[in-house]
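> Start from chain H and add chain D according to the hints.
The listed protein sequences correspond, in order, to chains H and D.
For the record, in the first sequence the residue sitting at position 97 is 96 according to numbering that gives the first Met the number 0, with numbers rising by one throughout.
For the record, in the second sequence the residue sitting at position 10 is 9 according to numbering that gives the first Met the number 0, with numbers rising by one throughout.
All the given hints hold, so there is nothing to weed out.
Pairs of lysine-lysine residues, derived as DSS-like cross-links and limited to a Cα-Cα distance of at most 27 angstroms, are as follows:
| no. | chain 1 | residue 1 | chain 2 | residue 2 |
| --- | --- | --- | --- | --- |
| 1 | D | Lys-229 | H | Lys-231 |
| 2 | H | Lys-231 | H | Lys-142 |
| 3 | H | Lys-304 | H | Lys-337 |
| 4 | H | Lys-231 | D | Lys-231 |
| 5 | D | Lys-310 | D | Lys-123 |
| 6 | H | Lys-229 | D | Lys-231 |
| 7 | D | Lys-304 | D | Lys-337 |
| 8 | H | Lys-123 | H | Lys-136 |
| 9 | D | Lys-136 | D | Lys-123 |
Between beta-carbon pairs, the in silico distance windows are:
| no. | chain 1 | residue 1 | chain 2 | residue 2 | range |
| --- | --- | --- | --- | --- | --- |
| 10 | D | Pro-91 | H | Asn-53 | 34 to 42 angstroms |
| 11 | D | Thr-230 | H | Asn-131 | 33 to 41 angstroms |
| 12 | D | Asp-311 | H | Gln-251 | 38 to 46 angstroms |
| 13 | D | Lys-136 | H | Asn-53 | 48 to 56 angstroms |
| 14 | D | Gly-250 | H | Pro-323 | 32 to 40 angstroms |
Which stretches of chain D does chain H cover? Using the computed rule of at least three CB atoms under 8 angstroms from a CB of chain H, they are:
| no. | stretch |
| --- | --- |
| 15 | 32-39 |
| 16 | 108-115 |
| 17 | 208-221 |
| 18 | 258-269 |
These are calculated hints, taken from the structure and not from any lab test.
Predicted model only: the values in this text are computed from it and were never measured.
Don't be surprised by glycine CBs; every beta carbon is placed ideally from N, CA and C.
For reference, the chains in residue letters:
There are 2 protein chains.
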Amino acid sequence: MSVQVTDVCMLRPLEVPFRYLFGPGPSNVPPRVLAAGGRGIIGHLHPEMYEIMNDIKKGIQYAFQTQNNMTIAMSGSGHAAMECAVFNTVEPGESVLVAVNGIWGERVAEIAERMGANVHIMVKAPGGVFSNGEIEKALAKHKPVLFFLTHGESSAGLAHPVDGIGDLCRKHNTLFLVDTVASLGASPIFMDQQNIDILYTGSQKALNAPPGTAPISFNERACQKMFNRKTKPVSYLFDMAHLSNYWGNDGQPARLYHHTGPVSGFFSLRESLAILAEKGLEESWRHHREVAGYLWKGLEDMGLKLFIQNKDLRLPSVTTIAIPEGYNWREMLQYIMKHHNMEMTGGLGPSTGMVSVRGMLKF
Amino acid sequence: MSVQVTDVCMLRPLEVPFRYLFGPGPSNVPPRVLAAGGRGIIGHLHPEMYEIMNDIKKGIQYAFQTQNNMTIAMSGSGHAAMECAVFNTVEPGESVLVAVNGIWGERVAEIAERMGANVHIMVKAPGGVFSNGEIEKALAKHKPVLFFLTHGESSAGLAHPVDGIGDLCRKHNTLFLVDTVASLGASPIFMDQQNIDILYTGSQKALNAPPGTAPISFNERACQKMFNRKTKPVSYLFDMAHLSNYWGNDGQPARLYHHTGPVSGFFSLRESLAILAEKGLEESWRHHREVAGYLWKGLEDMGLKLFIQNKDLRLPSVTTIAIPEGYNWREMLQYIMKHHNMEMTGGLGPSTGMVSVRGMLKF
Numbered sequence: 000m001s002v003q004v005t006d007v008c009m010l011r012p013l014e015v016p017f018r019y020l021f022g023p024g025p026s027n028v029p030p031r032v033l034a035a036g037g038r039g040i041i042g043h044l045h046p047e048m049y050e051i052m053n054d055i056k057k058g059i060q061y062a063f064q065t066q067n068n069m070t071i072a073m074s075g076s077g078h079a080a081m082e083c084a085v086f087n088t089v090e091p092g093e094s095v096l097v098a099v100n101g102i103w104g105e106r107v108a109e110i111a112e113r114m115g116a117n118v119h120i121m122v123k124a125p126g127g128v129f130s131n132g133e134i135e136k137a138l139a140k141h142k143p144v145l146f147f148l149t150h151g152e153s154s155a156g157l158a159h160p161v162d163g164i165g166d167l168c169r170k171h172n173t174l175f176l177v178d179t180v181a182s183l184g185a186s187p188i189f190m191d192q193q194n195i196d197i198l199y200t201g202s203q204k205a206l207n208a209p210p211g212t213a214p215i216s217f218n219e220r221a222c223q224k225m226f227n228r229k230t231k232p233v234s235y236l237f238d239m240a241h242l243s244n245y246w247g248n249d250g251q252p253a254r255l256y257h258h259t260g261p262v263s264g265f266f267s268l269r270e271s272l273a274i275l276a277e278k279g280l281e282e283s284w285r286h287h288r289e290v291a292g293y294l295w296k297g298l299e300d301m302g303l304k305l306f307i308q309n310k311d312l313r314l315p316s317v318t319t320i321a322i323p324e325g326y327n328w329r330e331m332l333q334y335i336m337k338h339h340n341m342e343m344t345g346g347l348g349p350s351t352g353m354v355s356v357r358g359m360l361k362f
Numbered sequence: 000m001s002v003q004v005t006d007v008c009m010l011r012p013l014e015v016p017f018r019y020l021f022g023p024g025p026s027n028v029p030p031r032v033l034a035a036g037g038r039g040i041i042g043h044l045h046p047e048m049y050e051i052m053n054d055i056k057k058g059i060q061y062a063f064q065t066q067n068n069m070t071i072a073m074s075g076s077g078h079a080a081m082e083c084a085v086f087n088t089v090e091p092g093e094s095v096l097v098a099v100n101g102i103w104g105e106r107v108a109e110i111a112e113r114m115g116a117n118v119h120i121m122v123k124a125p126g127g128v129f130s131n132g133e134i135e136k137a138l139a140k141h142k143p144v145l146f147f148l149t150h151g152e153s154s155a156g157l158a159h160p161v162d163g164i165g166d167l168c169r170k171h172n173t174l175f176l177v178d179t180v181a182s183l184g185a186s187p188i189f190m191d192q193q194n195i196d197i198l199y200t201g202s203q204k205a206l207n208a209p210p211g212t213a214p215i216s217f218n219e220r221a222c223q224k225m226f227n228r229k230t231k232p233v234s235y236l237f238d239m240a241h242l243s244n245y246w247g248n249d250g251q252p253a254r255l256y257h258h259t260g261p262v263s264g265f266f267s268l269r270e271s272l273a274i275l276a277e278k279g280l281e282e283s284w285r286h287h288r289e290v291a292g293y294l295w296k297g298l299e300d301m302g303l304k305l306f307i308q309n310k311d312l313r314l315p316s317v318t319t320i321a322i323p324e325g326y327n328w329r330e331m332l333q334y335i336m337k338h339h340n341m342e343m344t345g346g347l348g349p350s351t352g353m354v355s356v357r358g359m360l361k362f
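Isolated chain H (complex conformation) (with noise of 0.2 angstroms):
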């Protein structure tokens, strides 16, 4: 057979323009996380690679403020958290219920109804906040074996209250299930002492890691009902029996081949975790929130207006501004770019129209 020559293009170098990441994520990456994911790789399957693991592990546990064993960082982003989540704790047929605010919702709405489950939704405009006595309710009403909520809401730029709604799930024996991608690190949150059953984020936000990564943990009550299901996950991949066994929480002797992990994900993923264990978090939320106080005025000065219009339920991580009538916000965010090689974004999903922007560099 006859060999078909390559495409020129891949002859060129690589060309990668440097630009301020200050979009809803990725972040720009420390030189520091950015060296630790240049580094040589070992196997997936080293002892020195489970080390390094472990070391994810204690501090997924300290940025996530849980004791919980099963804790482990996915091969994939958010969105493969997202269907880990739903898939391990929920079985065709159950029901779920899903706070849709913004695109977070929307989209786990549509991964518990891709694998069969019965979905309810409960929905808010971009922004909007559940009371504890709605969710109740509707608690109540759809008995579901899952709540999903949204705590950083970055398509609307909400930090949602948390407070009281783990309770409320474990009363209805519901477990709770929070999406912190956009706010972890940036806005407190204590998955154990606020009875949270499952948490995740993402790499690429306020831990400002190369996308690729997304910590994910399961409390026992989570575990209760993921590990004893009748039907296995629709996932190999994201099967949290194998996962568990990879990450060393099964309390197995050996750790068995299930995929092979993104070795240099996982180098930058510790060394951005090192980072906010050296800062610490009290510290990390604080200049959040100043910096992004500082934000928030300057634009309020200059006359534009913020979407969130209550300062306590802003995302001190994701800044999202009302588009002034008479402005096209696809020509101003391609200005911003072209003229000062800064990312700002439109909004997403039921957000469409606003831009958001990051309130910091934080390096």
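Relative to chain H, chain D alone:
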């Protein structure tokens, strides 16, 4: 609420020893590819990122020897490509035929079973070769929509012949899915000329990039099947309708947000594909064959027996050695690692008890 302190392990620096990665994968990553992966990142939806993804597509088309438009890299390892191929081309209840002669067939059978396919397997001992006559008989009997075969059966060290099977699959209205994770770049494959309908590989084997991305390509026949299905694929993350748009393959003017791709992983994948394009496929195949021949002779001169006796069926990238009687393979591998920093590995799944070794360091 009170903040728990961090574990002291996170205050220690990252430690990564140097290892010669002579196992079946991942491979040592050349400095050029590490440097590409360590570049400062840009946004996953920036025009410059689309250019890099376009280049990757061209690089995969060359490596696969295909003109298929529907060519992308998965944001995940080879298992992500495996699930993507099965989830998209098969609907629940449809018949799937899997050739099992090592671990990879077992994995695909499990993946297809979980998503509700009607799975039939053809089984041989590790390293066994299926004749085209046997395959046609099974195609006629089970009338599968998909037939899976591993080209590079790394758990046995086998390069399975592929010629003629694509034609049989067309005759029986079956899609031909081939796994080249362990073989691509080392052992010749011609996707278009061999009538392979779906082909995938991993980044971390002969391509020498870090694990975490997985090239995959679908031809027009495969697209006809997967884009005319009655049900949605069970995974939103692996849905080719969305991935196709993300990779600019669906003819739509805009690429919409689906998930956040592993930006650094795409940088390093592009660099590894560029090295292959510069070197040329024929030279890469020749080089692997030459070095493997040298290794085989050296091993046989030492009195060791290779597991695959027919030289023409040996995988040039992964050589398997039959364990001499009276020796403990685990102890031998530990000795080699301890004294020479060299990774060799045991078998996987059905071939546990054999050992694998790569023939070369490719930089």
